[in-house]
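Protein chains: 2
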Amino acid sequence: MISVEEAVARVTAAFSPIGTETIALSDAHNRVLANDVRAKLSQPPFPVSSMDGYAIRTEDAPGTLPVIGESQAGKPFAGTLSAREAVRIFTGAVVPDGADAIVIQEDTERDGAHVIIKVSAQKGRHIRIAGLDFKAGDVLAPAGKRLTARDLALIAAGDIANVEVRRRPRIAFAATGDELSRPGEPRKPGGIVASSVYGLSAMIASWGGEPIDLGLLPDTIEAFTKLPQVDADLIITLGGASVGDRDLVQRALEPLGLKVDFWKIAMRPGKPLIFGSLGDTPFLGLPGNPVSTLVCAMLFVRPAIAAMLGTSGEMNVLRVKLAASLPANDSRQDYIRARLTTRDGEHWAEPFAVQDSSMLGVLAAADALILRPPYAPAAHAGDPVTVTLLAP
Amino acid sequence: MISVEEAVARVTAAFSPIGTETIALSDAHNRVLANDVRAKLSQPPFPVSSMDGYAIRTEDAPGTLPVIGESQAGKPFAGTLSAREAVRIFTGAVVPDGADAIVIQEDTERDGAHVIIKVSAQKGRHIRIAGLDFKAGDVLAPAGKRLTARDLALIAAGDIANVEVRRRPRIAFAATGDELSRPGEPRKPGGIVASSVYGLSAMIASWGGEPIDLGLLPDTIEAFTKLPQVDADLIITLGGASVGDRDLVQRALEPLGLKVDFWKIAMRPGKPLIFGSLGDTPFLGLPGNPVSTLVCAMLFVRPAIAAMLGTSGEMNVLRVKLAASLPANDSRQDYIRARLTTRDGEHWAEPFAVQDSSMLGVLAAADALILRPPYAPAAHAGDPVTVTLLAP
Numbered sequence: 001m002i003s004v005e006e007a008v009a010r011v012t013a014a015f016s017p018i019g020t021e022t023i024a025l026s027d028a029h030n031r032v033l034a035n036d037v038r039a040k041l042s043q044p045p046f047p048v049s050s051m052d053g054y055a056i057r058t059e060d061a062p063g064t065l066p067v068i069g070e071s072q073a074g075k076p077f078a079g080t081l082s083a084r085e086a087v088r089i090f091t092g093a094v095v096p097d098g099a100d101a102i103v104i105q106e107d108t109e110r111d112g113a114h115v116i117i118k119v120s121a122q123k124g125r126h127i128r129i130a131g132l133d134f135k136a137g138d139v140l141a142p143a144g145k146r147l148t149a150r151d152l153a154l155i156a157a158g159d160i161a162n163v164e165v166r167r168r169p170r171i172a173f174a175a176t177g178d179e180l181s182r183p184g185e186p187r188k189p190g191g192i193v194a195s196s197v198y199g200l201s202a203m204i205a206s207w208g209g210e211p212i213d214l215g216l217l218p219d220t221i222e223a224f225t226k227l228p229q230v231d232a233d234l235i236i237t238l239g240g241a242s243v244g245d246r247d248l249v250q251r252a253l254e255p256l257g258l259k260v261d262f263w264k265i266a267m268r269p270g271k272p273l274i275f276g277s278l279g280d281t282p283f284l285g286l287p288g289n290p291v292s293t294l295v296c297a298m299l300f301v302r303p304a305i306a307a308m309l310g311t312s313g314e315m316n317v318l319r320v321k322l323a324a325s326l327p328a329n330d331s332r333q334d335y336i337r338a339r340l341t342t343r344d345g346e347h348w349a350e351p352f353a354v355q356d357s358s359m360l361g362v363l364a365a366a367d368a369l370i371l372r373p374p375y376a377p378a379a380h381a382g383d384p385v386t387v388t389l390l391a392p
Numbered sequence: 001m002i003s004v005e006e007a008v009a010r011v012t013a014a015f016s017p018i019g020t021e022t023i024a025l026s027d028a029h030n031r032v033l034a035n036d037v038r039a040k041l042s043q044p045p046f047p048v049s050s051m052d053g054y055a056i057r058t059e060d061a062p063g064t065l066p067v068i069g070e071s072q073a074g075k076p077f078a079g080t081l082s083a084r085e086a087v088r089i090f091t092g093a094v095v096p097d098g099a100d101a102i103v104i105q106e107d108t109e110r111d112g113a114h115v116i117i118k119v120s121a122q123k124g125r126h127i128r129i130a131g132l133d134f135k136a137g138d139v140l141a142p143a144g145k146r147l148t149a150r151d152l153a154l155i156a157a158g159d160i161a162n163v164e165v166r167r168r169p170r171i172a173f174a175a176t177g178d179e180l181s182r183p184g185e186p187r188k189p190g191g192i193v194a195s196s197v198y199g200l201s202a203m204i205a206s207w208g209g210e211p212i213d214l215g216l217l218p219d220t221i222e223a224f225t226k227l228p229q230v231d232a233d234l235i236i237t238l239g240g241a242s243v244g245d246r247d248l249v250q251r252a253l254e255p256l257g258l259k260v261d262f263w264k265i266a267m268r269p270g271k272p273l274i275f276g277s278l279g280d281t282p283f284l285g286l287p288g289n290p291v292s293t294l295v296c297a298m299l300f301v302r303p304a305i306a307a308m309l310g311t312s313g314e315m316n317v318l319r320v321k322l323a324a325s326l327p328a329n330d331s332r333q334d335y336i337r338a339r340l341t342t343r344d345g346e347h348w349a350e351p352f353a354v355q356d357s358s359m360l361g362v363l364a365a366a367d368a369l370i371l372r373p374p375y376a377p378a379a380h381a382g383d384p385v386t387v388t389l390l391a392p
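Those sequence lines, one after another, are chains A and B.
Every letter in the first sequence is one number past the one before it in our numbering, and letter 371, counting from 1, is 371.
Every letter in the second sequence is one number past the one before it in our numbering, and letter 229, counting from 1, is 229.
Hint data in this document are derived by calculation from the structure and do not stem from the laboratory.
All of these numbers come straight from a predicted model, not from anything done at the bench.
Incorrect hints may have been included.
You can't tell identical chains apart in this list, so a pair holds if it fits in one copy or across any two.
Simulated crosslink set (SDA-like; lysine to any residue; CA at most 20 Å straight-line) [what the hints assert, rightly or not]: (1) Lys145 to Met1; (2) Lys321 to Thr341; (3) Lys40 to Gly137; (4) Lys264 to Arg332; (5) Lys321 to Pro218; (6) Lys188 to Ala161; (7) Lys118 to Val354; (8) Lys40 to Asp330; (9) Lys145 to Ala391; (10) Lys264 to Ile104; (11) Lys188 to Gly131.
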């Protein structure tokens with residue numbers, strides 16, 4: 001058995017960034033940049049007013065000034081402002097050459113062709129200098145960044161219509177087991193409904209991969225023969241990795257080119273997980289208990305996809321307080337399903353009483369996984385614990 | 001000016017849950033359930049073994065027992081187990097009638113047609129009782145729940161292939177302003193590139209809406225005439241809601257049926273925001289500064305969509321420590337862009353030095369918004385503050 005840490009490191013090391021494609025910015029939410037994106041212009045491209053008012057020279061205020069023109073957003077004043085002149089200006093409009101301050105509308109009074117500036121002015125006040133937000137050539141978002149909605153706005157402001165991103169890694173998966181049927185289809189005697197493939201598929205998509213559902217495989221050697229031909233960046237089986245069934249997956253796949261890197265991890269839920277390669281394609285055999293399947297997917301498939309995208313695979317980790325005591329841990333790293341609550345402005349993690357790895361109901365109701373390292377001593381209510389937030 | 005709280009309440013009250021559609025479970029990630037989803041079967045549907053080993057009667061261990069058959073997942077033992085008999089059993093297989101314990105493989109020794117049980121047995125040990133995870137008829141996910149990947153797995157386990165969800169609210173938006181051009185297209189004199197529409201569109205989609213980009217509108221009355229005919233659940237304009245421009249949006253839309261509910265909010269960034277209706281369609285005029293646009297969208301468009309989906313629109317709020325001092329606040333509720341860091345297991349929010357509402361670079365770099373209520377007293381480094389996590 002190897003540690004979770006070592007297993008994650010070995011899995012991650014087996015992948016490197018894959019090919020790229022250029023797509024429209026409007027399609028790029030949550031995609032990962034292949035290159036730094038640099039601004040094509042400065043923002044603002046010129047000094048602009050941040051308020052409605054009058055552009056003047058500082059030394060001319062207070063006073064009564066002739067209004068020699070108007071600068072609107074998208075309709076700049078064509079001339080230059082000279083001493084003892086004012087230009088009517090609106091939010092977002094170019095500050096005319098010669099002006100060095102904006103006096104806001106509320107501090108003025110219009111008198112026909114003149115404006116009465118009732119206050120003194122402050123140099124640069126209410127002027128956004130050119131390049132305040134960013135300058136032409138600045139990196140707006142670095143290679144490896146997963147683009148947020150806010151990034152898209154920023155990149156658009158930099159006058160960039162298309163971005164080069166990593167293509168989506170193709171993640172093919174097959175659930176194994178004679179007992180499985182699809183939801184809504186006739187069930188077999190002693191059979192159950194295939195469940196974790198639906199969660200895994202959605203997770204793969206949310207992590208930036210392209211899920212490829214290879215279907216349900218019966219427990220026969222023959223069922224596996226097509227796996228090595230699958231065109232994918234990672235091939236996954238679900239189930240058949242525990243002691244009794246282990247022989248099947250390994251027996252079926254070894255003659256087809258399976259090379260096993262490791263196949264047992266000191267963790268709970270989980271443990272029987274095969275990692276290696278099938279021909280040239282990385283291969284992951286996830287345990288079949290649905291909670292184990294999905295927790296192991298979070299721990300190993302997510303960083304594998306992140307490595308292929310060239311981005312950080314770090315999970316959303318938080319320090320909170322433990323709401324109930326937990327016994328000392330054994331040799332396996334534990335991922336305890338828990339609810340998060342807030343009391344008196346503090347965040348608490350409340351472990352579910354039953355942690356059976358078959359119980360999807362508990363996993364679905366959980367907000368977080370409490371991380372319990374191997375041999376962690378008993379923990380008490382109020383102790384700080386590290387939790388991984390479960391994704392929506 | 002009204003408070004953020006009142007504004008959110010008024011916006012939310014203007015929407016109610018919209019129509020539904022039935023879709024395949026595999027397409028339902030992040031969709032919102034219209035009805036409670038109830039399990040069609042119990043899970044497990046029958047008692048199953050959680051380990052590989054032998055099914056026996058408790059009172060027969062330890063001892064040597066004839067192995068009368070085998071129960072595999074999906075291939076149950078057909079008969080009944082009697083006194084002083086054992087059935088070979090595998091993980092996930094049905095526990096034969098008559099057996100009340102599983103002895104794990106490691107505690108046994110096989111001797112031809114017999115098995116030597118080397119330990120005593122414990123009633124119910126390693127048996128998952130029928131309905132351990134859920135029972136037929138149990139609510140697996142309630143109406144109004146936004147479905148997670150884990151929910152999909154749970155619902156699949158309940159033998160449900162299709163779910164009834166709210167349709168995606170149609171959110172139509174148009175940016176106004178003579179100064180605007182699209183990224184990569186020729187810019188106008190004194191013009192800038194439309195940016196926040198790209199962020200808004202991605203946010204709408206991530207909140208469960210269908211974004212409809214109506215394009216860029218010039219600052220003319222005529223440009224607005226088609227807005228009331230748009231087939232949408234919410235019509236949004238960006239820009240043109242501040243003092244100087246206010247007349248345009250209101251002047252253009254009032255003859256077309258705009259009814260204003262309120263149009264100023266005590267908040268920063270933001271303030272000039274119009275909410276009302278355009279004919280029968282709710283209407284929202286967002287401020288034009290891009291940071292104001294996007295923060296106001298998070299505050300008002302997100303709960304509007306949530307109300308249409310019949311789900312909770314609560315944001316991801318956290319209590320952390322303030323990493324730098326902040327001055328006393330004025331009458332406007334402040335949303336301060338900040339970075340989150342973790343030091344010594346504690347979470348800190350570090351406000352950006354410059355908070356100008358035109359600076360998308362700062363918004364994109366931020367992890368969270370520090371909430372500063374109106375008239376909040378000066379805050380010091382180490383004080384607890386409430387932050388809203390910004391979405392990826």
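Results of checking the hints against the structure:
In this assembly of identical chains, Lys145 and Met1 lie within 20 Å of each other by CA distance neither inside one copy nor across copies; the values are 34 Å within and 39 Å between. Taking the shortest Cα distances, Lys321 and Thr341 sit within 20 Å of each other both inside one copy (10 Å) and across copies (18 Å). In this assembly of identical chains, the alpha carbons of Lys40 and Gly137 lie at most 20 Å apart only when taken from the same copy (6 Å versus 59 Å across copies). Only within a single protomer do Lys264 and Arg332 lie at most 20 Å apart by alpha-carbon distance; the minimum there is 11 Å, versus 57 Å between protomers.
Neither within a single protomer nor between protomers do Lys321 and Pro218 lie at most 20 Å apart by alpha-carbon distance, with minima of 45 Å and 54 Å respectively. With identical chains, the CA atoms of Lys188 and Ala161 are at most 20 Å apart between copies only, with a shortest distance of 17 Å across copies and 53 Å within one. With identical chains, the CA atoms of Lys118 and Val354 are never at most 20 Å apart, being 72 Å at best within one copy and 29 Å at best between copies. In the homo-oligomer, the alpha carbons of Lys40 and Asp330 never lie at most 20 Å apart, since the shortest distance is 56 Å inside one protomer and 38 Å across protomers.
In this assembly of identical chains, Lys145 and Ala391 lie within 20 Å of each other by CA distance both inside one copy and across copies; the values are 19 Å within and 14 Å between. In this homomeric assembly, Lys264 and Ile104 come within 20 Å of each other (Cα to Cα) only across copies, at 18 Å, whereas the closest approach inside a single copy is 69 Å. In this assembly of identical chains, the alpha carbons of Lys188 and Gly131 lie at most 20 Å apart only when taken from different copies (18 Å versus 67 Å within one copy).
Checked against the numbered hints above, the structure violates hints 1, 5, 7, 8; every other hint is satisfied.
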